[in-house]
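Engineer: Next come the chains, spelled out residue by residue.
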Amino acid sequence: MGGTKFDLIVIGGGPGGYVAAIRAAQLGMRVGLVEREHLGGICLNWGCIPTKALLRSAEVYDHMKHAADFGLIARDFGFDLPKVVERSRKVAAQLSGGVKHLLKKNKVAVFDGHGALDGKGGVAVAGGPTLTAPHVVIATGARARHLPGLEPDGRFVWSYREALVPDIHPKRLLVIGSGAIGIEFASFFNSLGSEVTVAEVLPRVLPFEDEEISALAHKAFEKKGMTIRVGTRVAELRKGADEVVAVLDAGGETSEIIVDRVIAAVGVVPNVEDIGLEAAGVTLTDRGFIRVDGWLRASTEGIYAIGDVVGPPCLAHKASHEGVICVERIAGASDVHPLDADRIPACTYCRPQVASVGLSEARARERGRAVRVGRFPFLGNGKAIALGEPEGMVKTVFDADTGELLGAHMIGAEVTELIQGYGIAKSLETTEAELMHTVFPHPTLSEMMHESVLDAHGRAIHF
Amino acid sequence: MPIQILMPALSPTMTEGKLADWKKREGDPVAAGDVLCEIETDKATMEVEAVDEGVLGRIVVPGGTDNVAVNSVIALLLEEGEDAGALENLDVPALVKAAPVSVGESALPTPVNGQITDSVTRAAPTGAQGERVFASPLARRMASQNGLDLSRIDGSGPRGRVVRRDVEKALAEGTGRATAPAETSAAASSAPAPAAKAPTAADPVFALMPEFEALPNTNMRKTIATRLTESARDVPHFNVSVDVDLDALLALRTQLNDREGADYKLSVNDFIVKATALTLVKVPEANVAYTDDAILRFKRVDISVAVAVKGGLITPILKDAASKGLATLSAETRALAEKARAGKLQPEEYQGGTFTISNMGMFGVRSFNSILNPPQGGILSVGAGERRPVVKAGALGIATVMTLTLAVDHRCIDGATAARFVQDLKRLIEDPIGLML
Ligand SMILES: Cc1cc2nc3c(=O)[nH]c(=O)nc-3n(C[C@H](O)[C@H](O)[C@H](O)COP(=O)(O)OP(=O)(O)OC[C@H]3O[C@@H](n4cnc5c(N)ncnc54)[C@H](O)[C@@H]3O)c2cc1C
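Listed in order, the protein sequences are those of chains B and F. Just so we're aligned: 407 in my numbering is position 407 of the first sequence, and the numbers increase by one with no gaps anywhere. Just so we're aligned: 652 in my numbering is position 189 of the second sequence, and the numbers increase by one with no gaps anywhere.
A portion of the hints provided could be inaccurate.
[Stated by the list, open to error] Stretch-level coverage of chain B by chain F, calculated; a stretch enters the list once three of its residues show a Cβ under 8 Å from a Cβ in chain F: (1) 146–160; (2) 398–408.
[Stated by the list, open to error] Keeping only pairs whose Cα atoms sit at most 30 Å apart, straight-line, the calculated DSS-like set for lysine-lysine is: (3) F:K487 with B:K107; (4) F:K632 with B:K5; (5) B:K90 with B:K5; (6) B:K120 with F:K787; (7) F:K487 with B:K120; (8) B:K383 with B:K52; (9) F:K762 with B:K5; (10) B:K171 with B:K100.
[To be verified] Stretch by stretch, here's where chain B covers chain F in the computed footprint (C-beta under 8 Å, at least three residues): (11) 614–626; (12) 718–727.
Quick caveat, the hints were computed from the structure, so don't treat them as lab data. These figures come from a predicted structure and were not determined experimentally. Idealized CB from N, CA, C, for every residue including glycine.
Please build the complete structure, drawing on both the sequences and the hints.
Structural biologist: What follows is the structure in structure tokens.
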């Protein structure tokens with residue numbers, strides 16, 4: 001695959017970039033993709049996938065701990081952290097190899113190296129050729145944000161990168177930030193027996209979820225033995241020879257805890273440096289992300305940006321979907337629409353799991369909607385009891401006037417696999433009526449999704 | 464199985480279009496990216512490129528066919544290795560029927576020995592009762608709650624399905640009503656009226672009039688008719704005029720055009736565009752659109768310029784006109800006008816301006832009022848610059864004077880704002896050095 005002239009060039013091979021490249025190739029474009037480190041991006045190599053592999057080990061281990069509840073006998077069991085990590089790395093490597101194969105199959109030309117706009121309409125690959133195309137998609141992603149005093153130091157303070165390949169099993173761990181990433185690591189190390197403290201500046205954990213879900217999660221985490229400190233800022237880390245004293249500030253009231261390691265999970269910043277944005281005249285938002293319109297077009301003609309580099313929600317499926325919209329629009333395909341943020345599901349794979357799509361109850365009310373809310377607890381579901389997972393809830397929020405499903409919020413076992421049912425309902429624009437008419441198989445956890453809809457209309461059967 | 468080539472939607476709101484001309488003939492090999500045919504929409508002619516490769520097996524909808532519904536099959540492409548025999552057993556009308564936009568039954572082309580005789584595929588339903596309209600459950604409910612007829616609403620969802628945003632749009636624009644206001648008596652006064660019906664050519668009223676030739680309405684003509692009827696009927700317009708002294712501007716123009724090595728030729732209109740854009744930056748209250756919930760104040764000035772084209776007019780856009788220099792604006796205007804006349808404007812080149820300028824100065828028109836270009840809040844009508852007697856410093860003199868008339872949407876722009884706008888604009892034109900700063 002020689003040549004440096006393409007119809008479309010993608011910079012960055014994460015879930016935004018590689019999906020955009022494949023879709024463009026399907027639409028008949030000649031596509032070049034530049035990736036400097038690893039195909040699959042953060043998601044496959046240092047994000048979604050390896051964390052899920054770790055969390056699976058933790059889950060199996062949790063089940064082993066409760067073997068007796070199921071009439072099973074497990075003796076002499078434990079964990080081998082290096083082996084757990086090794087499995088996680090293998091899973092990541094396998095999938096990254098898969099992406100390489102997919103790109104090849106779709107005849108996408110992959111260039112290894114750092115790519116940058118050259119300001120003359122081309123893309124320069126460091127140590128390689130300069131590529132040209134009428135359309136360039138920037139999908140360079142994001143990296144961990146470093147707050148002053150909380151930067152990874154090669155020893156005590158980890159970002160997600162270090163936390164994914166831990167050098168020790170920390171007995172005492174402080175996690176700063178209770179978004180999805182922080183909570184997943186907190187949950188993992190908690191299952192492995194670490195004493196975990198989570199410090200969150202905002203007044204609740206998982207602050208982007210529905211308030212009721214945050215409250216239930218808070219309780220569940222405490223029940224599992226975590227210490228949750230909301231409304232709390234980490235004011236200072238005093239590093240000793242073998243341990244760290246963390247000074248916590250809860251609205252002026254300070255306290256100290258001693259830990260072995262600290263994970264800073266305080267958000268991400270976009271990768272916008274050294275990629276020639278200025279020379280190309282591409283402008284940023286106040287928060288430093290690349291500014292794009294609903295079609296993912298940047299301020300300079302012929303330049304587009306997708307995924308984490310254009311801002312939250314920083315999720316792999318959002319990045320991929322933007323990639324598809326962007327190139328389909330370029331190709332002039334019909335029935336392409338800007339992404340509706342209210343239809344992007346969000347999942348956290350801690351135990352218990354959390355999943356949601358659409359507006360929280362509070363947001364729906366802020367938007368002036370008259371709402372009807374339905375709730376159904378895991379305790380009322382046969383399958384949940386049979387699984388030994390009686391904790392959790394499915395909550396639905398409907399527009400009282402039109403019956404539109406505005407949002408759905410779940411906490412409990414396997415909810416990350418369930419949420420897409422409501423995602424489809426939202427895409428198809430069902431009202432409560434079609435959801436009520438749908439036959440849900442028995443016994444499944446999904447029956448709670450039905451019951452929650454019924455409850456919103458005063459018709460729940462099993463509660 | 465041969466690949467079906469479907470009538471594409473060239474813009475989100477397009478439901479039908481004219482298949483103007485085929486660029487490939489049956490039996491021609493086709494590579495991805497080849498131009499297959501040209502399609503005329505209400506605004507422009509666009510080329511349709513092949514996505515797949517193969518041999519053009521059969522043209523289902525011939526060139527020159529009007530009102531071809533989006534997503535109906537227009538041709539069949541044989542894949543590599545497939546021979547024409549693959550077409551023999553294909554029931555093309557069935558394919559057309561299977562195309563998800565509901566196509567009027569009776570108007571389907573009829574096959575005779577596998578040959579298509581009737582070349583016309585009819586457009587989507589026009590509101591007849593009982594026809595199947597594809598719509599989401601939510602759209603259905605919202606339509607029935609608001610008394611809208613789904614078959615009168617353009618669907619923008621997959622394969623033309625009517626979805627929430629289409630119903631919201633119809634509500635915002637007051638279209639898609641199920642019943643005429645006369646039938647709804649009391650409620651009528653608050654409900655927006657449907658488009659005034661024009662008579663048909665068969666109407667008896669024409670029988671008493673001289674013989675005529677009926678020139679069928681192009682898509683562009685239909686769009687002009689509906690949009691301007693809606694605007695004139697639903698938007699409360701008022702006009703504000705000023706006379707501006709052009710002499711200083713003309714002197715500056717000569718000076719700039721005569722500069723050595725000037726590779727531009729600035730027109731008076733270029734100056735008016737620039738001055739208008741700068742004034743809109745200064746008076747952002749005039750760079751607005753009215754919606755039911757809020758007045759949208761745009762953060763950039765995108766000027767639509769009315770260009771007369773064969774069979775109508777179109778308004779290509781000078782994006783971010785305030786921050787562009789005169790020479791750039793001049794070159795862009797020329798390029799856009801040429802593209803417009805050639806029918807080659809892309810949708811993003813004529814959709815989305817924030818304010819319109821219409822200039823009839825070249826026809827010697829002294830002054831005129833324009834109808835607003837919805838959803839924009841303002842439109843400026845530019846008359847001819849002519850030598851007129853003026854009173855200057857108490858004495859009668861002669862100056863080149865032009866009359867500018869601003870029409871605004873009173874829902875979002877009040878008299879004081881309109882007056883301030885024309886005052887600032889006048890000042891800038893009469894002291895045009897401000898345009899250079
Ligand atoms: C610990 C963790 C867990 C996560 N878990 C989830 C989850 O469960 N679900 C979920 O949806 N999301 C999750 N995310 C977020 C998810 O990883 C990101 O949203 C996603 O990877 C964004 O995709 P992207 O394509 O925009 O960017 P990235 O995946 O960051 O990919 C960008 C790619 O571009 C490359 N690159 C950057 N600059 C250049 C350049 N100049 N030249 C060439 N190449 C360049 C990088 O090497 C990288 O491979 C998680 C993130 C983390 C950190």
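Engineer: It remains to establish, for every hint, whether it holds in the given structure.
Structural biologist: Evaluation of the provided hints:
1. 146–160: violated (count 0)
2. 398–408: Contact hint for the stretch 398–408 of chain B vs chain F: holds, 4 residues under 8 Å.
3. F:K487 with B:K107: holds (27 Å)
4. F:K632 with B:K5: At roughly 42 Å apart (the allowed maximum being 30 Å), K5 (chain B) and K632 (chain F) break the hint.
5. B:K90 with B:K5: The given pair, whose Cα atoms are some 36 Å apart, is violated under the 30 Å limit.
6. B:K120 with F:K787: holds (20 Å)
7. F:K487 with B:K120: Given that 30 Å is the threshold and the Cα spacing comes to 36 Å, the pair is violated.
8. B:K383 with B:K52: Distance of about 24 Å is within 30 Å: holds.
9. F:K762 with B:K5: Violated, at roughly 37 Å.
10. B:K171 with B:K100: violated (39 Å)
11. 614–626: holds (count 5)
12. 718–727: Violated - the stretch 718–727 of chain F has 0 residues with a Cβ nearer than 8 Å to chain B, which falls short of three.
Against the hints set out earlier in the document, violations occur for numbers 1, 4, 5, 7, 9, 10 and 12.
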